Structure formats: structure tokens, C-alpha cells
Amino acid sequence: MTELKELVLDGGFVVPNARTTEGFAAPEMNAFGHSFRDYEAESERQKGVEEFYRKNHIHQTYEFVTKMREEYKKMDRVEMSIWECCELLNDVVDDSDPDLDEPQIQHLLQTAEAIRKDYPDEDWLHLTALIHDLGKVLLLPSFGGLPQWAVVGDTHPVGCAFDESIVHHKYFKENPDWENPTYSTKNGIYSEGCGLNNVMISWGHDDYMYLVAKENGSTLPSAGLFIIRYHSFYRKKN
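Numbering (UniProt numbering), first residue to last: 1 to 238.
I should point out that these hints are in silico values taken from the structure, not numbers from a laboratory.
Note that the structure is predicted; figures quoted are calculated from it, not measured.
Be a bit skeptical, because a hint or two may be false.
Said to hold, decoys possible - Capping the alpha-carbon separation at 20 Å, the derived lysine to aspartate or glutamate pairs in EDC-like fashion look like this:
| no. | residue 1 | residue 2 |
| --- | --- | --- |
| 1 | 214 | 70 |
| 2 | 74 | 215 |
| 3 | 173 | 70 |
| 4 | 55 | 215 |
| 5 | 173 | 163 |
| 6 | 55 | 154 |
| 7 | 55 | 177 |
| 8 | 214 | 123 |
| 9 | 47 | 154 |
| 10 | 173 | 154 |
| 11 | 74 | 87 |
| 12 | 47 | 174 |
| 13 | 214 | 97 |
| 14 | 55 | 163 |
| 15 | 170 | 70 |
| 16 | 47 | 123 |
| 17 | 55 | 97 |
| 18 | 214 | 76 |
| 19 | 67 | 192 |
| 20 | 73 | 63 |
Said to hold, decoys possible - Between beta-carbon pairs, the in silico distance windows are:
| no. | residue 1 | residue 2 | range |
| --- | --- | --- | --- |
| 21 | 80 | 165 | 15 to 25 Å |
| 22 | 106 | 189 | 24 to 34 Å |
| 23 | 124 | 234 | 33 to 43 Å |
| 24 | 176 | 77 | 35 to 45 Å |
| 25 | 194 | 120 | 31 to 41 Å |
| 26 | 51 | 179 | 47 to 57 Å |
| 27 | 69 | 165 | 33 to 43 Å |
Ideal Cβ positions, reconstructed from N, Cα and C, are used throughout, including at glycine.
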């Protein structure tokens, strides 16, 4: 009997169904007693999260993203081991996350362990889960000390109209690209069906970690690189 497949990723890699029924059980409520990714629920985090997205949507322009990609492709800042980099996230809390206000190293370890339990034979996926958020070191001085709005949060395409489904969409009206005739149409600078790899995505930890892996000749399969690069692109997931 052919085994069922449930998660098909980029590059022809397929992750089989979880081998155990005793794997990670996702909780129904976040740390603040609300459903996950509820950006309207009143909580001690809500106002800060909304202010984060206000800044993010104003400043993430096509010009800014292009500049950041060129700057960080140089790979001329720091050299360290993966675990040394993981430990740096003891000092990082993600201001965009409505569900968690703990140091990000906890998120890395929880994610990697949950994946390891459910997919014990997919070692590349365990590693991908562990390193997927390491790009958040961009917040630290040795990596440029970028502001939170330039590092974390959901990502979205730039160079075209901002989709109305993006969380806190109203703040895009203050973005310089909003009124730019080149960028404000549905397809903007892109041609229909050009492919996601040819679309510029707002700058942050996803794209930075993807560049680090790619430019350093990572042996991760293309599926792993795809996950790292687009795991915050929620509009694609939905």
C-alpha cells in the first residue's frame, strides 16, 4: 500500500506523514489566553504589536529592501558556529509576535524538537527548524543593530500593490510606494506568473538567513532553503 504524503515542498522534496501519533500537540490558546495570531484581541502585547506593524508597513519600501539585500549579501560581519548563534537569541524577543514574549532561543528549540519527534528520519528538516529564525540576530549590534520593523514580523511582496489581507494593512497608506505608479498596481514591476523567486519580499530575518545559507554553500536541500526564506510569508500560506 502506498504511504500517504501530506507535505509537499519546493524542489520535489516530500515529507511523509508523521510516524507517531504522540508528537507535538499544538495548544489552542497562546500565552495570553487568546487564539493564535489574533491581532485584534486586547492583551498586554496587542498595542505593541500594532505599533510594530505601523512602522514596518511605513518603512518597508522596494528601495529599502533592495538596499538591505545588497548590503547583507557581502557576508562580512561575523563568523561563528550555529550553536553560538543560537545562544545569541537568549537576548532577543520578537516584538511582532502576539503569542509569545519569551527569548527566541526557546522558540528554536521547541520547533526543532517538535519536528524531530514527528519526522525522526528527516534530519535536514530538524536542522531547518533549528536555524529558521537565526536571522533575528540582525537586531544585535554586531550584525547591524537593525530596528525590529526591519527584522521580524510577517513578510509581504514589495514592488507591487500591498494585498488587503496583510495584517494592519491600513498603515501602508503612509508608505512612499503607496502612491508610486510603478509599484501601486496589482503586478507592479512583475509580470504575471514570473515565479516567487523573482519577487522581492520585505526585508527581514528570513531573507537574511536564506542569504547566509545560500552564499556559504549550505548542503540543505532546496526545500529547507525555501522554508527558511518564506516561513514568515503568511499570505502565501493562506
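Keeping to a limit of 20 Å between CA atoms, is the pair of residue 214 and residue 97 held or broken? Between residue 214 and residue 97 the Cα gap is close to 27 Å, so the pair fails against 20 Å, i.e. violated.
If I claimed the Cβ atoms of residue 51 and residue 179 lie 47 to 57 Å apart, would that claim hold in this structure? Given range 47 to 57 Å: violated, Cβ gap about 23 Å.
Given the hint that residue 67 pairs with residue 192, test it: the Cα-Cα distance must not exceed 20 Å. Status violated; Cα separation ~25 Å.
Assess, step by step, whether the Cα of residue 47 is no farther than 20 Å from the Cα of residue 154, and give holds or violated. holds, 16 Å
Compare the distance between the alpha carbons of residue 55 and residue 154 with 20 Å, and conclude whether the hinted pair is satisfied. Given that 20 Å is the threshold and the Cα spacing comes to 13 Å, the pair holds.
Lying within 33 to 43 Å: is that true of the beta-carbon distance residue 69 to residue 165? violated, 25 Å
Is the Cα-Cα distance between residue 214 and residue 76 20 Å or less? Between residue 214 and residue 76 the Cα gap is close to 15 Å, so the pair holds against 20 Å.
Residue 173 and residue 163: Cα distance at most 20 Å? holds, 12 Å
Please work out if residue 74 and residue 87 have their alpha carbons no farther apart than 20 Å. violated, 23 Å
Just to be careful, I want the Cα atoms of residue 55 and residue 163 compared with a cutoff of 20 Å; is the pair within it? holds, 17 Å
Starting from the range 35 to 45 Å, see whether the pair residue 176 and residue 77 falls in it by beta-carbon distance. violated, 28 Å
Take a quick look at whether residue 55 and residue 97 sit within 20 Å of each other, Cα to Cα. Judged against 20 Å, a Cα distance of about 15 Å means the pair holds.
Hints 3, 4, 11, 13, 15, 16, 19, 21, 22, 23, 24, 26 and 27 from the earlier list are contradicted by this structure; the remaining hints agree with it.
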